[in-house]
Structures are given as structure tokens and as C-alpha cells.
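So you can see what is in the structure, the chains are spelled out below.
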Amino acid sequence: MTLPDPGSANLGAWGAVIAILAMAVATYLCRIAGVVLMGFIPLTPHVRRGLAALPGSIIAATVLPLIERLGLAAGIALLAAMGSMILRRNELLALVVGMSVIAALRALGF
Amino acid sequence: MERTAAQVSAAGIRLGMRRVMVLVPGVVVFAVAFGAAASAKGLSLVETLLMSALVYGGISQLVAMELWRPEWSWGAIAGLAVVTATVNSRMILQGASLQPWFASYPKALNALHLFFFTDANWVIGTRYRAEGGRDLGVLIGAGLLLWVVWVLLTGLGYWLGALVSDPRAFGIDLVMPIFFAAMIVPLWRGRRAAVPWVAAGLAALLTAKLVEGYAFIIVGSLTGAIVGAFSDDAA
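Residue numbers (my numbering), protein chains in the order written: chain A, 1 to 110; chain B, 1 to 235.
Simulated from the structure, these hints should not be mistaken for laboratory data.
Any given hint might turn out to be false.
[Unchecked claim] Taking CB as the label site, the calculated pair distances span:
#, chain 1, residue 1, chain 2, residue 2, range
1, A, L93, B, G132, 42 to 48 Å
2, A, T44, B, A40, 49 to 55 Å
3, A, N10, B, W159, 27 to 33 Å
4, A, A107, B, L67, 26 to 32 Å
5, A, L108, B, A108, 51 to 57 Å
6, B, A108, A, G109, 50 to 56 Å
7, B, L202, A, F40, 27 to 33 Å
8, A, P45, B, E71, 51 to 57 Å
9, A, A107, B, S9, 43 to 49 Å
10, B, A40, A, H46, 47 to 53 Å
11, A, V47, B, W159, 45 to 51 Å
12, A, H46, B, A78, 35 to 41 Å
13, A, F40, B, A108, 15 to 21 Å
14, A, I41, B, V198, 22 to 28 Å
All C-beta atoms, glycine included, are put in the ideal place defined by N, C-alpha and C.
Put together the whole structure using the sequences plus the hints.
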């Protein structure tokens, strides 16, 4: 395969495949980067506590801005899903509850 | 303690597959939505399946459909790769959070199973490990099963195409947030342990206001980790 000129505007038929491969490489690097990096950081008590706080922090940092962007209906749906989880520890039920609430609210025009 | 008994058992793989079953319906809906979006954008079936098989990151794939174009230059591809990396940057932290678990396994095995590392099996693995489980098979089984479902159902969505013209109406954009929100409940360890989460959420909200894109996930999560690292709990 000849390497196309970096400045060329069009990669032709292979453009889409190369784009997909680039996405795959970028994503794989994300998958391994944190694991590789933590291999060089000693597990001091501080680091341990930081790691323990990480899962909940990732969830809060992902979900809250999304609610802010997606609107009140999304917030109500997520609260309904959490309520369902508190009453019955069942992720599938929580998903059904959350999806039903958001579908109903959006159908009503929220 | 974590250096001992590095095992991957068939029983663990089966347990992972069983536990991830509850997340399968959501992934099915998401995969069909992506397949439909890809066919609407003019990707071929092979390209669509290739993306699902190699990237295996639903949100980044949906975002890529918004940026998809009929013709590609190296610059456009570099831009797509950067956007993909920012959308998936949460995986860096998800991987870091489970690294103490992975550390006792061979590097080659970690390099291989991390290809199948995704939100859903991170959720399953984190919960399993919080319960005291140590069998890496649970994470691997969950990731593999979802990968198969993801690729197959992407194909179905591609064929169904126009049937799901407005995935938003069915709340598909909320599948991942709902899983995440629901997972807070089993992770709950009292109010003090939740202080970093609040800090993470606030920092993320602020960042989302100030900066375009998905940087808020990284800024918020790191803020939570740092607050957690320097808050002294009884344990």
C-alpha cells in the first residue's frame, strides 16, 4: 500500500476504513492508558482512597452535565431509575422504569 | 493481598455473562440505534460492522455519525480520532480504577481483555470487586458477551434502518445515563464516601458550562478522585 500524501483532500474508497481504524486505535489507547499509567504509581493510602472514590465520581461527572443538557425530563427519569434500584436491586427493572418515564414524558411534550 | 490468586475461571466467565444479562436489553436498543444511524449516514454494512467490532464504544460511535462525511482527508481523520479519544477518555479513569485488580495478571492478558473493556463490564466488574470478588473471568465474560450482542445487533439496526427514525423518542440517549445513575445505589457507602462524588458532579457541571465537548467527564472525575484521596475516612 502506498502512503497517500498527507495533504490530499480525498483518501478515496479507503477513507472510511482508515477513519474507523483511527477511531479504534484512539479508543484502545483510552482503554489501556489508565491501567498502564497506574502501573507506575505506587498504591499509597492516598492513591487508594482516590481510586476508591473514582467509580462514583466518574458516574456523577458523566450524568450530572448530561441531565443539565438533556433537560428536566431526563433528570426525573434518572431519579425514577434510582428509586427503582433502592426498592428492588434490579438493573433491568431500573432501565425499564427509566426508559418508560422518559418515553412517557417526551410523548407528553416535555 | 491482591497479588495472590490471580485467576480467570470458566465459572467466572459464566458468572460475568449471567450478571451482564440485565444490561443486554439496553445494549440491544443502543446497538440498533447506532446501526440505523450508520445506514442513514451512508456507511456500508461492512463499515458499520467493522466500526462496532473494532471501536466497541457506543457513545463515541454515535458521535462519529454526527461527524461522518462521504470523503476523508488525513486532517478530518485526525479530528475524528481526537473527538473519539475525548468521548472515550472516561475509559482511562475506569481502567485506572480497576488497575489494582489487573496488576496481578500477565500484561498480555490485560492487553487482550482491555479490548473488550467498556462501560457495562466496568459497572459489572466494579460491583463484583466491591463484593470481594477477584476472578477476572467475570469482567472478561461480561465484555465478550456484550461485544457479540453489540456487533450482531448493530447489523440488525442497519437493516431495520428507517424504522428507528427518531431514537430520542424512545429514550435511547438515556440508556447509559440510566445505567450509571442506577449503579450509584449499590456503590453507596454512606454520606461521607459520597462527598467526592458531589465534588465530581459540581466540577463537571462547571466544566460543561465553560468548555465545549466532553472534557467535563475527565475534569469532574479527577476532582472527585483528588477530594477522595485527601479526605480522611475512618477506614
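Now for the hints, and whether the structure bears them out:
no.: 1; hint: A:L93 with B:G132: 42 to 48 Å; in the structure: violated, 25 Å
no.: 2; hint: A:T44 with B:A40: 49 to 55 Å; in the structure: holds, 50 Å
no.: 3; hint: A:N10 with B:W159: 27 to 33 Å; in the structure: holds, 29 Å
no.: 4; hint: A:A107 with B:L67: 26 to 32 Å; in the structure: holds, 30 Å
no.: 5; hint: A:L108 with B:A108: 51 to 57 Å; in the structure: holds, 53 Å
no.: 6; hint: B:A108 with A:G109: 50 to 56 Å; in the structure: holds, 54 Å
no.: 7; hint: B:L202 with A:F40: 27 to 33 Å; in the structure: holds, 30 Å
no.: 8; hint: A:P45 with B:E71: 51 to 57 Å; in the structure: holds, 54 Å
no.: 9; hint: A:A107 with B:S9: 43 to 49 Å; in the structure: holds, 46 Å
no.: 10; hint: B:A40 with A:H46: 47 to 53 Å; in the structure: holds, 49 Å
no.: 11; hint: A:V47 with B:W159: 45 to 51 Å; in the structure: holds, 48 Å
no.: 12; hint: A:H46 with B:A78: 35 to 41 Å; in the structure: holds, 37 Å
no.: 13; hint: A:F40 with B:A108: 15 to 21 Å; in the structure: holds, 18 Å
no.: 14; hint: A:I41 with B:V198: 22 to 28 Å; in the structure: holds, 25 Å
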